[in-house]
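Chain B: place on chain A using the hints.
Chains as they are written, first to last, in my numbering: chain A, 912 to 1024; chain B, 7 to 115.
These are computed hints drawn from the structure, not numbers from a lab.
Using N, Cα and C, we set each Cβ at its ideal position, and we do this for glycine too.
Each hint can be trusted.
Straight-line C-alpha distance at most 30 Å; calculated DSBU-like pairs for lysine-lysine:
#1 B:Lys-64 - B:Lys-77
#2 B:Lys-48 - A:Lys-991
#3 B:Lys-102 - B:Lys-43
#4 A:Lys-990 - B:Lys-107
#5 B:Lys-43 - B:Lys-63
#6 B:Lys-43 - B:Lys-77
#7 A:Lys-990 - B:Lys-48
#8 B:Lys-48 - B:Lys-107
#9 B:Lys-107 - B:Lys-28
#10 B:Lys-102 - B:Lys-64
#11 A:Lys-991 - B:Lys-107
#12 B:Lys-43 - B:Lys-28
#13 B:Lys-48 - B:Lys-63
#14 B:Lys-107 - B:Lys-63
#15 B:Lys-102 - A:Lys-990
#16 B:Lys-102 - B:Lys-48
#17 B:Lys-102 - A:Lys-991
Which stretches of chain B does chain A cover? Using the computed rule of at least three CB atoms under 8 Å from a CB of chain A, they are:
#18 30-41
#19 46-60
#20 99-110
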Amino acid sequence: SQTIHQWPATLVQPVGSPLSLECTVEGTSNPNLYWYRQAAGRGLQLLFYSVGIGQISSEVPQNLSASRPQDRQFILSSKKLLLSDSGFYLCAWNLGQATTEAFFGQGTRLTVV
Amino acid sequence: GENVEQHPSTLSVQEGDSAVIKCTYSDSASNYFPWYKQELGKGPQLIIDIRSNVGEKKDQRIAVTLNKTAKHFSLHITETQPEDSAVYFCAASSNKIIFGKGTRLHILP
Chain A
912 SQTIHQWPAT LVQPVGSPLS LECTVEGTSN PNLYWYRQAA GRGLQLLFYS
962 VGIGQISSEV PQNLSASRPQ DRQFILSSKK LLLSDSGFYL CAWNLGQATT
1012 EAFFGQGTRL TVV
Chain B
7 GENVEQHPST LSVQEGDSAV IKCTYSDSAS NYFPWYKQEL GKGPQLIIDI
57 RSNVGEKKDQ RIAVTLNKTA KHFSLHITET QPEDSAVYFC AASSNKIIFG
107 KGTRLHILP
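Bound-form chain B, shown alone:
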């Protein structure tokens, strides 16, 4: 079945440095790739997304890249801040949304 692999499962980054989370997907029909941020005890919220006809998208400190040939996509957070600490999920979607297992990001002071 469809599968989304996400790495790393845990990531600790010094405040101000960059964080990178990588995902791969198996369903070649996937054409929408959202990223969600989940804070403790809450539902995930969309932070950025990218569609299959685009290779890169940026929104302030957050950027996503997509390589459809390799079925890879990545999230890049620059100039990390304490409020970036959370669990991040990638997802791939065609007729349903399949999530990766999440990355717990710790921003160290």
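Next up, chain A with everything else stripped away, as it sits in the complex:
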């Protein structure tokens, strides 16, 4: 069966420090991969999505970046964190042309101090 792993679960980082959040999917091939951010409200804001290795689409201008070095690995990074980067980050995957069920990881709670 397919599983998605996201880590770490919680992270406290100082302003200006770098960030690396990792997400891996097991049990499937060539998934679509997504990074969402959920700020203090509730909305799920799409940050990046990828339909294949090295293919990254950015939805929102920001100081974050994403990479997909392997088929089932998706990494969210920042060189210098801002206070406004605090939030709940969720990785997700699905198959096909994005018209199938998406499965979410358990999320990373990032607090920038």
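Showing chain B alone in chain A's frame:
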């Protein structure tokens, strides 16, 4: 760009009554409309979905309706129970999944 509007942002319903959440979308290419439920501290989970060639779908106490002409879709929960309390998200998808801002549903005893 693509946008999904969701209302209300908060909804309180007496246990046993029905709850309705409504969404509109802007991208006419959207052809898949899932609904997700998120419990505290967890990732969202799919509860029901509907595709553009269908107007209504029901699964026990949950039903979704879709009006493609008006670009509206809705979630209906009947006979609400305490465990229905959560945040619910609608989404519209063509080549990527765009979510609404969520509805916090409170089931009152």
